[in-house]
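Student: Starting from the known structure of chain A, arrange chains B and C on it as the hints suggest.
Each chain is listed here by its residues.
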Amino acid sequence: MSFITLTTDFGTKDHFVGAVKGAIYSELSDAKIVDITHEISPFNITETGYIIKNSYKSFPEGTIHIIGVDSELSADNKHIAIELDNHFFVCPDNGIISMIASEIQPTKIVEINIHDRTVSSFPVLDIFVQVACFIARGGNLTVIGKEIQEFKTLVEIQPKVNQKISQIIGGVLYIDNYGNVITNISRKMFQEIGKGRNFKITASRYFFTKVHDKYNEIIGKNPKEPRQFDGHKLAIFNSAGYLEIAIYRSNLNTVGGASTLLGLAYRDPIIIDFFTESKPEYTPLS
Amino acid sequence: MSFITLTTDFGTKDHFVGAVKGAIYSELSDAKIVDITHEISPFNITETGYIIKNSYKSFPEGTIHIIGVDSELSADNKHIAIELDNHFFVCPDNGIISMIASEIQPTKIVEINIHDRTVSSFPVLDIFVQVACFIARGGNLTVIGKEIQEFKTLVEIQPKVNQKISQIIGGVLYIDNYGNVITNISRKMFQEIGKGRNFKITASRYFFTKVHDKYNEIIGKNPKEPRQFDGHKLAIFNSAGYLEIAIYRSNLNTVGGASTLLGLAYRDPIIIDFFTESKPEYTPLS
Amino acid sequence: MSFITLTTDFGTKDHFVGAVKGAIYSELSDAKIVDITHEISPFNITETGYIIKNSYKSFPEGTIHIIGVDSELSADNKHIAIELDNHFFVCPDNGIISMIASEIQPTKIVEINIHDRTVSSFPVLDIFVQVACFIARGGNLTVIGKEIQEFKTLVEIQPKVNQKISQIIGGVLYIDNYGNVITNISRKMFQEIGKGRNFKITASRYFFTKVHDKYNEIIGKNPKEPRQFDGHKLAIFNSAGYLEIAIYRSNLNTVGGASTLLGLAYRDPIIIDFFTESKPEYTPLS
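Chains as they are written, first to last, in this note's numbering: chain A, 1 to 286; chain B, 1 to 286; chain C, 1 to 286.
Possibly wrong hints are sitting among the right ones.
Put simply, identical chains are the same to the list, so a pair is met inside one copy or across any two.
[As the list claims (entries may be wrong)] The calculated lysine-lysine pairs, modelled on BS3-like cross-linking and capped at a C-alpha distance of 25 Å, are:
1) Lys200 with Lys160
2) Lys188 with Lys57
3) Lys78 with Lys233
4) Lys146 with Lys78
5) Lys78 with Lys214
6) Lys188 with Lys160
7) Lys214 with Lys195
8) Lys108 with Lys146
9) Lys233 with Lys13
10) Lys164 with Lys210
11) Lys214 with Lys13
12) Lys160 with Lys146
13) Lys152 with Lys214
Since the hints were made in silico from the structure, they are not lab data.
This is chain A alone, in the form it adopts within the complex (with noise of 0.2 Å):
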């Protein structure tokens, strides 16, 4: 039994993802398909790189997770099969992979060379799943492409920190269904740079001097009234490990959450000051 992800812009009105979960269960009827998301943003890689590298790690090793942003074939457009993790990722070399493989080494990366004659307009149906169900059923990389040692990276999902290393620019990187919005800036970065120091976070004109690890800690202890927070702004680190600035109990549709509220949208800048001064300019919280 092999364990198949997909995760695209195909958005899950249109045939294609039946098309391709009907191709992949004709070829091994006993796979376990299972939909990260079609819900990308058109053509929106940074934010695939982020849901790919945000949940693939949950599912057993082996898994095989296809990812179907912006994959048609062209010159400038590879498709790649990468082994890293001990997860195989199947995906055009647009910098999808490279918010993972940033961190993790790939054991293996091949350029899929198994494209025949057909042009192809769907290629995560006529290659991806081909390419896929070779992987499930045992089959060594480099039978379907040419070994290669690079992949396109993605530059604008890497923060910058100032010469003085008290500075951290980030950015938005992604806004989540609760519209909360989440920076580039992980809590790994966060914790190296600022070495302890009390620090400033500035976002859009808002800023915050604490950053929560859970959003009812804003409610303090055994509070009477927890829903009187409902709709205050605060900065916590997710469960992905990101800095991401939420608003308390947020929904979209009704009152509207950070994004909307703080108006922050993908790519703005988030930056984060530190300071060792003893005397700053604002209360530390505790």
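Tutor: For chains B and C alone, coordinates are given in the frame of chain A:
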């Protein structure tokens, strides 16, 4: 083989659902995971109760239902596991279960106490999956929690009856995919209070004196032009057994549905008056 | 093990899909249930036909396809089960199947007659599941229905050809997730009528004199700046074999897609004129 269902407000774009499924398969590779929905309005407990009530029963006995809506642990919001009607529910103790448990007595309720020191902002992944897999492997609830007798109840889902037993004062519980407006008044309550009397249902500035069993009853038998009834309003006992105000063949994205056309929103009052007069002001329908 | 697919207009928020899956698993615990889509526009039969046509074939032979769109039983809307192309379809007789069955002759059609006295407003749950599970267990169609020879056909999906065989008058059949506009004109029809002549496709106030096979053909070979073509319009035979008017790398939520940018909606006319003149008014592309 175990059936595990998921009902959450995670949406289907983020990595949350994929991560949860991967974690379940990593523990129980032959589990059958079924999405009930991930489109609950964020933090909406009433919606969750309505949906889980109307879907759990069709699953095989022994199915484990993970409910992840407003599930962050706090002094005010414990995690519980419930055995009821030969099904298992793993959820927060925030009233979600009360719509089912008010009609069917739980066999056992435990307050989950396997939380270690780890602070978690993603308890469905970190706690509920673990509990569900434990139950799936045949584990006893009392091993992962302390038995309790009470669960929180949801007040707003109960309609009221006046002293003269001539009026039910209910409200809007849920708006469905077609814009149809589902009330908290069950067919059972309607029949027990009404006892066959004539009645008038008032919803916004509209009223109804007949309740149908099928949507197309309004077009009568052997109609020549069924489409001329598109857009007509009607009251029906829906397949879940609740009084519903509907528009025949509605479409929220084009012509609108009952919610938009009749101006009915979540929590709006729905009143039923019963009459014993021999000559009511209105003409009773057959 | 049986494959059962679901194609409905239920949406994914309500309890309908969960209830149907639970009912199938309760009868056939080892069934493989696959969602084709639940996002059909309410009651839209043309959309349903397009989607089921383009997905059913990729599933293993013997797959049972439940189609739940506009399926309430009436004198005018019978329930049928069809064997066709080694697949089974359980659906209302409202034209849904005609897009497939107009090209491939059904092996057998029965009018389902297992409805007992129970009036049902949820026939997919109460009838279609029962029929599908019966077929999955190897049951013969004639046991659950009366064999019939005819099914309802959908007129609007057929383009017309003028008397001089110089013009195809088609229309918009479907708008996909990227806002691309799919017409009812197939590549096969285009080639049979066009016979290699030059042509001009008119869609709203735009026209096209070339039809591509891949979206990125418009950027030519070895492009230096592929992104400068984002937002360009093109005509393509899509992976389903239909003429499609597309925007290169479109996004309905941001820059828009062909439907919004070119102002094309469901049922709008799409005209193809074929030319035999040696000197057409326009310059044919290579």
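Student: Each of the hints needs a verdict: does it hold here or not?
Tutor: Evaluated hints:
no. : hint               : in the structure
1   : Lys200 with Lys160 : within (16 Å within a copy, 52 Å between copies)
2   : Lys188 with Lys57  : within (18 Å within a copy, 45 Å between copies)
3   : Lys78 with Lys233  : between (43 Å within a copy, 24 Å between copies)
4   : Lys146 with Lys78  : within (12 Å within a copy, 54 Å between copies)
5   : Lys78 with Lys214  : between (41 Å within a copy, 15 Å between copies)
6   : Lys188 with Lys160 : within (14 Å within a copy, 55 Å between copies)
7   : Lys214 with Lys195 : within (21 Å within a copy, 52 Å between copies)
8   : Lys108 with Lys146 : within (10 Å within a copy, 49 Å between copies)
9   : Lys233 with Lys13  : between (35 Å within a copy, 23 Å between copies)
10  : Lys164 with Lys210 : within (22 Å within a copy, 58 Å between copies)
11  : Lys214 with Lys13  : between (35 Å within a copy, 22 Å between copies)
12  : Lys160 with Lys146 : neither (35 Å within a copy, 49 Å between copies)
13  : Lys152 with Lys214 : between (35 Å within a copy, 23 Å between copies)
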